[in-house]
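Residue numbers (the numbering used here), protein chains in the order written: chain A, 1 to 281; chain B, 1 to 71.
Calculated directly from the structure, the hints in this document are not laboratory data.
Only part of the chain A face toward chain B is listed, based on derived beta-carbon distances under 8 Å:
1. His60
2. Leu61
3. Phe66
4. Asp87
5. Ser202
The beta-carbon is built from N, C-alpha and C at its ideal position, and this holds for glycine as well.
What follows is each chain in one-letter form.
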Amino acid sequence: MGRIVYAAAMSHVLYPDYYGQNVGPHGRRMVEELIAVVREMGRSLAAAAPDALVVIADDHLNVFSFDAIPALCVRVGRSVGRMVQRDAIEFDRALDGLPDRYAVHEDLANAILEKGVQAGFDFAASWSAPLDHAFLSPVSTLYGARPVPPLVPFWVNCFVTPQPTAKRCFDAGRHIARVVAEGPWQVAVIATGGLSHFPELSLARIGQSDPDFDRRVVKLMEAGDHGAMSALTAKELHESGSHELLNWLVLLGAVSPARARVRFYGEMGRVDLAALEWDVA
Amino acid sequence: MSHYETNVVLYRLKKDETFRDRFRADPRRALADVDLTEEEREAFVRWDTRRLNDLGGMLHLLISIPGLGAH
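So here's chain B without its partners, still in its complex pose (with noise of 0.2 Å):
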């Protein structure tokens, strides 16, 4: 599927409290290693879930990461 790695970056957010901590303290260098687009990668740091949901990723992850949920 074309979001694969924004969904999947989402669900590890929700699910791996390390990587999550890592994502708070340093967005661009948690996210280094992992595929994804300039457009999407600034969305995750600026964390910017309206523009992360337009680019395909799931609601129910954006809406339930803990600490940072969209609600």
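For reference, chain A alone in the conformation it holds in the complex (with noise of 0.2 Å):
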């Protein structure tokens, strides 16, 4: 029987330039406090021997155009590459020098798809989509010059109009949960993004982040309080600019009921970075 060997999330600009350039010194001595934290996560991680890593983040208008914007979206295949974009915005320079190609582990990917939509789900399937920060970032800290395990990678439409749900995105989690007690594999499963940065996605409050938000919810993780975190409202989200939030929702319903650990929390101002672990062992 399978089972989630691991649990956390994070918030996935992990590149101290970009905190240097738009925040200044204190904003990449956080940063750098985070990555060291994140980087000793990744031992527990490796430590854990996952047979495959579940890596819930959002798409950031890099990889789906408005042609199509999936809800929630499983990336099914053999591989996965790295999103490749000449003059990159700063956070994405991250990715420069990482590998082209990662492995999916390409049955959890299917199971958690096939077996989603004959339960209800209609998630989008994607054969072609590639990695931003928002996964790598993450991935290649936690895991350094560790080989990485097969990813499943799921995006969550945290912000076109209208998004899923938070109860959506925890009942998706809550799914993905099934999956692995139904299947053989050994699982971890991480989330990225967060805590609170760019409210109401106006270009007029970049630089503002809402740490009385972040509180709650940090709390309300440790708590346990998954109910009033699946409560959440869009509105709540946008206002707070925790639109990221709705990742960490479904790594929440992959682990209910387990408590977070706060490994990691710091106001910043223009965001505040978080990292959680789940005891799930």
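Hints given; two lone chains; assemble the complex.
The structure is reproduced here in structure tokens:
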């Protein structure tokens, strides 16, 4: 019987130069502290020796065009590429030098997709979508030079209205947990992004975060109050700049009722940073 | 979606280098065949990113167009 052997969530711009340029020395220092913690977490992840790593993250309008924006999308196929874009924004330069391709855990990806559709989740499937910093910045920081296990990339539409609800994301995570339990694999699950930044997706409000909201949701996750997390509204997520918490909601569904342990929390101003683990063993 | 065309243009500016070069050389001409309101068109021509954002242009597109990003 399969099981989830490691679970964590973390901010996903793990690139000191970005914060150095846009926030200053204290931003650089804070993300360097976070990176050190994520590397430590990577040792626990590698020790758990998962057969597959499910990565739940969002698209920053890098991958899915306005031809179609999937609410929830499973990457299938045998391998997945790193996004390549000339003159990419600073935080996608963190991808420079990383491997061009990563293996996909095809059997688990197909099971999540096919059983999901049977269970009433109209997941989209992609055979070609590449991975941007939301996936590869955490994965590369967690694993460093160690071999990365086959991935199951899972996208959540965090930004283009109308997004899936917090409850729907949580339920998708419950589905992933069921698929893992029914299968033969030892699986790690991570969610990325956040905490609050870019409130209301407003250019005029770049530079603001919402520490009160961030403290509240971190406390809820520490307490294992997944009902309150699942009840977060689109309005609350939008106004606080917590759009990417939808990724974390999928993870919460996968690990529920486990409680979170805070490995890192920092209030930077432009964005609040965090890394949490869940005791799933 | 009501802001579809604005975001389609922003996405093209991000991903299509040839279109981006044409836009930088002559924005009004590059957008001649695009279905925009006059308000949207003028915001593009002036490259007024705050206005484009107010008109529904996605933040993550506005900050990530090579050479034009409003970050």
